[in-house]
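Chemist: Whole structure, please, built from the sequences with the hints as guidance.
Which chain is which? The protein sequence lines are F and G, in order.
Converting from the first sequence to this note's numbering requires adding 105 to each position, the first position being numbered 1.
Converting from the second sequence to this note's numbering requires adding 23 to each position, the first position being numbered 1.
In short, the hints are calculated from the structure, not lab data.
Given the structure is predicted, the values throughout are model-derived calculations rather than measurements.
Partial list, computed: chain F residues near chain G (C-beta under 8 angstroms):
| id | residue |
| --- | --- |
| 1 | A138 |
| 2 | I293 |
| 3 | D308 |
| 4 | S320 |
| 5 | A328 |
Don't be surprised by glycine CBs; every beta carbon is placed ideally from N, CA and C.
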Amino acid sequence: MTEETLPPGMRTPTYKELAAKVRTVAREREEWAGIPTPMGDHFPMAIEPRHPYRIDEINKPKKREDGWRVVNAWTHYRWGFEILVEKNEEGRARVAFLPGGKRVDLLLGSLGIMDAWLEEAENKAQTKLWNLIGHHRFTQYRMTGIFPETSKRSGVIYIFRRLRPTIALKATADGFIKILCTLCLHPIGYYFGAWGGVMVPTDEVIAHLVMMRGSEHKFWANANQHPAESIHSGI
Amino acid sequence: MPGKLEILNTGDGHTEIVVDRSNPIELERASRIIEDMLKRGYALFVHGKNNVLTRVKRFDKKHKAYIIGAEATVPAEATPVGRKKWKEAAVPIESAKVTVVGRSAGG
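Modeler: What follows is the structure, given as structure tokens:
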């Protein structure tokens with residue numbers, strides 16, 4: 106008898122079963138924003154510091170076996186790759202170049218964490234988004250994964266994107282549009298090595314949208330601001 | 024129309040809690056949940072006209088109302104709080120639609 110044919114209580118649960126169980130536990134324990142679903146060693150989680158289910162042993166990325174650790178990193182804008190400075194336990198430093206492969210890693214990582222999300226949760230989130238932005242812009246979102254909205258307070262144009270940071274644009278005096286930065290914010294937590302957070306993608310878009318509409322300065326304060334040239338900007 | 028709390032959630036998409044004045048037990052439960060969420064640092068946004076959102080500053084347990092900063096976007100059902108007119112406004116929980124976002128982990 107293979108493990109797949111065993112009844113649910115007798116075998117290792119699938120990620121979908123685990124996500125459903127975690128959801129039930131969260132309801133019982135009155136965790137209003139839910140408990141993030143762990144996705145194993147491949148995708149350690151970053152969880153907000155005050156969350157009761159933040160367990161550093163599980164959530165932090167594992168130490169590398171070769172003893173090297175990254176102490177600084179930046180993006181070479183012209184060549185489009187990341188430059189890393191690494192140090193080992195003896196204090197020796199070396200430079201590593203990370204070509205565009207990181208972008209592919211993040212893209213494929215998003216496929217890897219897909220099992221943490223429930224399809225019905227995404228459908229529910231899309232209905233809510235439709236109520237918030239109306240039919241036309243929701244159609245834009247469904248077709249292309251993005252929709253724009255201009256802030257009445259600041260005049261900043263935001264491009265909200267599924268599974269990518271929100272782009273903030275501003276019209277300049279000479280009639281051009283300038284990218285201010287991209288704003289990356291995940292409520293409750295996110296997975297390292299993927300674009301997604303612990304909430305379904307559209308719920309994260311809703312979180313960006315309601316924070317922009319209701320408390321724009323807090324949205325900027327809480328989000329990580331990535332320059333457009335950075336790999337993490339998702340542009 | 025009863026009030027509604029929509030809490031963005033990792034499992035369900037969002038959890039909906041209906042706040043109905045005719046049900047005192049539900050009203051009490053909702054006010055306990057709202058207090059708990061504010062204590063945990065969640066951001067609560069009251070929906071106004073045309074889905075204009077205003078962040079909740081605090082919760083008035085006695086009157087079961089959200090206290091929001093009074094701006095041009097105050098919902099129609101809000102009433103001014105205190106002497107200084109429209110410095111703050113109270114929105115009763117049983118008539119407000121609210122979206123709740125958990126604390127941010129950055130990105």
